[in-house]
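**Q** Below are the chains, spelled out letter by letter.
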Amino acid sequence: MSDAHSVLAHHFDNLEQQREAGTLGMWIFLVTEVLFFGGLFTAYTIYRMLYPVAFADASLHLDTTLGAINTAVLICSSLTMALAVYGSQVGNRMLLILCLLLTIVLGAAFLGIKFTEYAHKFAEHLVPGSAFSYGKPELRQQAELFFSLYFAMTGLHALHMVIGVGILAVLVFQAWRGHFSPVYYAPVELTGLYWHFVDIVWIFLFPLLYLIGLHLGGASHV
Amino acid sequence: MWSGFPLFPEQASTVAGRVDALYTFLLIVSIVMTLLIAGLIVYFIIKYRRRTDDELGAPVTGALTLELLWTVIPFIIMMVMFVWGASVYFTLSRPPQNALEIQVVGKQWMWKFQHMDGQREINELHVPVGRAVKLILASQDVIHSFFVPAFRIKSDVVPGRYTTVWFEATKPGTYHLFCAEYCGTQHSGMIGQVIVMEPTQYQAWLSGGTAEGSLTAAGQKLFQDLACHTCHRGDTQGRGPVLDGLFGKTVQLQNGQTVRADENYIRESILNPSAKLVTGFQPLMPTFQGLVSEEQILQLVAYIKSLGTQQAQVTSGAPSPNEPAGNPPLGTAQEIPASAPPLQPALTPPTAKDEKP
Amino acid sequence: MSEKIVSTKVYIVIFIALLILTYVTYQIALIDLGWGNTIVALAIASSKALLVALYFMHVRYSSRLTWVVTAGGFFWLAIMIGFTLSDYLTRGWLTAAGGR
Amino acid sequence: MKDAVAPVLPREHYLNVNYGIRSWLLTIDHKRIALLYLVSVTFFFFLGGAFAVSFRLELLTPQGDLVQAETYNKLFSMHGIIMVWFFLVPVIPNVLGNFLVPMMIGARDLAFPRLNLASWYLFNLGGLFMLYAVLSGGVDTGWTFYTPYSSLFSNTSVVITVLGIFISGFASILTGLNFIVTIHTMRAPGMTWFRLPLFIWSHYATSLILVLATPVLAIVLLLVMAERLFHIGIFDPALGGDPLLFQHLFWFYSHPAVYIMVLPAMGVVSELIATFSRKRIFGYSAVAFASVAIAVFGFLVWGHHMFITGQSVYGSMVFSFLSYAVAVPSAIKVFNWTATLYKGSIAYDTPMLYALGFIGLFTIGGLTGLFLAALGLDVHVTDTYFVIAHFHYIMVGGTVMAYLGGIHYWWPKISGRMYPEGWAKLGALIVFVGFNLTFFPQFILGYLGMPRRYYAYPEEFQILNVMSSAGASILGVGYILPMVYLVWSMRYGPSVVANPWPATGLEWRTTSPPPTENFAQTPVVTWEAYEFMPREETEVVGKLTPADQPT
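Residue numbers (my numbering), protein chains in the order written: chain A, 1 to 222; chain B, 1 to 357; chain C, 1 to 100; chain D, 1 to 551.
Please keep in mind that the hints were generated in silico from the structure rather than gathered at the bench. Quick caveat, the model's predicted, so the values are computed rather than measured. We treat Cβ as the ideally placed atom computed from N, Cα and C, and that holds for glycine. There is no bait here: all hints are sound.
Here are the simulated lysine-lysine pairs, DSS-like style, with alpha carbons at most 27 Å apart:
no.	chain 1	residue 1	chain 2	residue 2
1	D	Lys425	B	Lys47
2	D	Lys343	B	Lys47
3	B	Lys112	B	Lys134
DEER-style ranges, computed between Cβ atoms:
no.	chain 1	residue 1	chain 2	residue 2	range
4	D	Leu128	A	Trp176	29 to 39 Å
5	D	Gln462	B	Thr61	48 to 58 Å
6	D	Glu70	C	Tyr23	56 to 66 Å
Same shape as in the complex, but just chain A:
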């Protein structure tokens, strides 16, 4: 359905040049994302170094099981995304659509679990602000700092997931309409890059937020 001419934009000489430009553009965009999240990682590094005790203690209030499940869910979604790209490369439209849909389902599952975690935190008064309360008053302030970072980092990550799911939905529609072929599948490929990047961010967030207090042996060390 898509021959070389209809998908080649007017200002490119050939599809190869167009594809090269698209991929490079996406990678550069991902670099900006690295630095965007990087600001938060810098803040995390500094405060974790300044307040190791409070951070370890506060992280025990996160639900490690849900965090681990979410990690697995995201890794699965990365696999389905990679397979979706494969499907478009070999021209297997059904595989493409199926994998895109699976990715959407997994992404939505991640967001659902994340939302449950947020709801728990809200109920436990662990959301920064005037309602914040913490079991150990002597750690209250830095714990609030930890939760500020937790919500900023996971919130921003979740926002990227939401955007990703939205783009995937558009791709499913386009794939259904037969937009893609082994000649032209750049949107699938570029979305894949984005999706994997979001996965990578979570791969770092999980140990840095959920696992830092575990070795202290659970709930309390007072």
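Assemble the complex: chain A is given as a structure, and chains B, C and D must be docked to it using the hints.
**A** Here is chains B, C and D on its own, set in the frame of chain A:
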């Protein structure tokens, strides 16, 4: 100084001359460079102005030696600037041992000063001439900056921690004090005066004020009122670390790191007790955030510092005020004891008792 | 298109490796290694990220330019964290140096 | 040369190919988007300038008597914010860069024309938020948004302003991304990296910074917003947060941002100097590498804004050292430009006057930067008018002079018309005089100790302040003048040939104004950059039609 149109502010501190010398050096380099570039430009554009419409420039495209030369020479000159600037900065960053300490709290939009003897001032700071003065700066709200142009000193005042700045005034007079970091509506009204006095006059001023007891005394009273002493006892049986002789020591922390017990550490330990937990102790201490003002924290710090120096005092000899720098290096726990009697003989600033151990 | 098509086998292998590493990082977090915990956690996270980038994101099969761009992003991140950290790590040095 | 035998071009060009608001607002032609940007940034330039004139009037007298302190604070804050993010950052890349980057490399458009248009819309959306903030009472944090003042204390429209900057940041990122990809993938056959005009090198370097630094600004502003809206207190001292961390992240962007503003200006000046000396830039590769070196080293020096903030003394020393290191490539450029004049064939056209003015003022700006990098001296002069004077010499004396030079130089290409040379020379003179009168006294004021952002000041500073305010009004006239005659010339200026100066870049080898596709056929480059040839040989793609001849 050319009084009608001054180019330099008054020089009224020991470092002012050094800063001005560096400035003059840079000024000369800059003027030479600017004249060189401007001169060459003017010369070239006149000499090589276009004579005919078809004229082309000569095919001169580069000269490696020349280019290396004007890469290396500026770099060398700049390294001189760097080293010179760094050495002045180093001096500015290290208060001498025997400095007179004054505590400063900046808030929107005033400067509050507490002298060790308990005198308090707002937007006016009295200091003696010829004596190093170290200011411990705290902010109650936003970032301010303590700036005295005549002394060539400036330091930001940052909420949440202490910064320090020091100077030694060289001539009596009244000098501008500015807030140099934008701090809100009345930023330009957060100004004051530094009044430098002869030591005798300064003594008279010190004794003439309505001192409410020394800072250490105020700190001690707070220490009792806040019941700090129930945990921080003089013996080792308390639930908190012993504070006697603490100041200036290196403290072993629970996480394996060490920290030097300076003003910032004490402040943090009052407000965020669990942030740097001393090894062997539990994070039991509640925070005093919101319960004590910046001025009160400074009083507590002064008190704990005075505890820290008692041991040093045992071995110290006779008081020798105005001992110039060249004393023992910083940090050997003989910071200034602030428990001087309210009335001191003239010429003996009340807080100078440091001595070699 | 000139893009190399990676076989599904590779994807599955990487996928399993990622799941195993996730399990490993969780188990190691339970053991008290002091600051070692953080180092191990970051090392495992980095290797997972590397696997995702190299295979799922095809960096391994990409042009030199893609390598440079990717590495550049993380290099700049390192500059930001490193220089900021250097301030915090050396703040206490001046007084301590004088103290000896 | 292949191009020399190309057929005669039709007189259709990008301006008259179609008409109507729609054809402009939905255009994906980089040249039209450049003009859209031109309109937007010109609006913000005069808005920011109006704020500057207002507070310069207030500073005529030591007492605050013209406006309230609160108003004054808002005036200088909005001046800074608008000038930095809505004028200086976008001006050269998005107006001249947008117009010229594809043409100079022989491409038909930027790699992502739709993103380019999206960039303009994002810029204006951000601008609308900014305007809304201005109209809803303004913002008083200074352009630096230092916490905790911006996050916890100010009760002005901080969130809206920050949102505006955040959105316009995406415009910057898209532009940078677009340029990098375009320069990498879309160069014409034969256009190797070392045949690229220096304008392209400097835009490439600028784009690197735009892409690497802007996201950090975005996140740090987002955190300030989060702190105000949701009490996510990452910089709140009460929680143990550190206001200096904000400054680190802010300057990680904002110091390189200085190079975002000045690197493109350097690129413009390289073009002007070469053309009006009819000589290849002296040490082409040194200048090219210096651009990239400045972009990279520019990321390692941000701590020199923080020498007195309580930053580690050793950290400060490293930052000071690196600041001197980054000064070297800037010095190299100045020397190389000057050396280019040697044995040139120098014409005194208006763009050249601006370029020479740039070298002089940039030299002063750069040299005074050395004062600020010297640690012990910075303690005294930082946060005073010395800093204000220094960065205005770079930003206004440098960037704005180069921009004006560039807009005159490429005006015949953009509009197909020539501006009135006499008026233009007069304008350049007024700008130069007004600028120096405005900002030179501020160096002295600063060293005397007058802090910046002061609404009222001690009386001894008055004379210098009056000089500065007088200069500002002259400068204002100098800026209005070009706008008037350039607009006038769009209709009444004489038509120009394709290559009026003549110059060597590919953009001059197509008609003025160019067709939508830029070139009748893709040019093949067989010559080096700035290879000046006798006039006949450098003629254009195709022969000139009578309409192209100057009238």
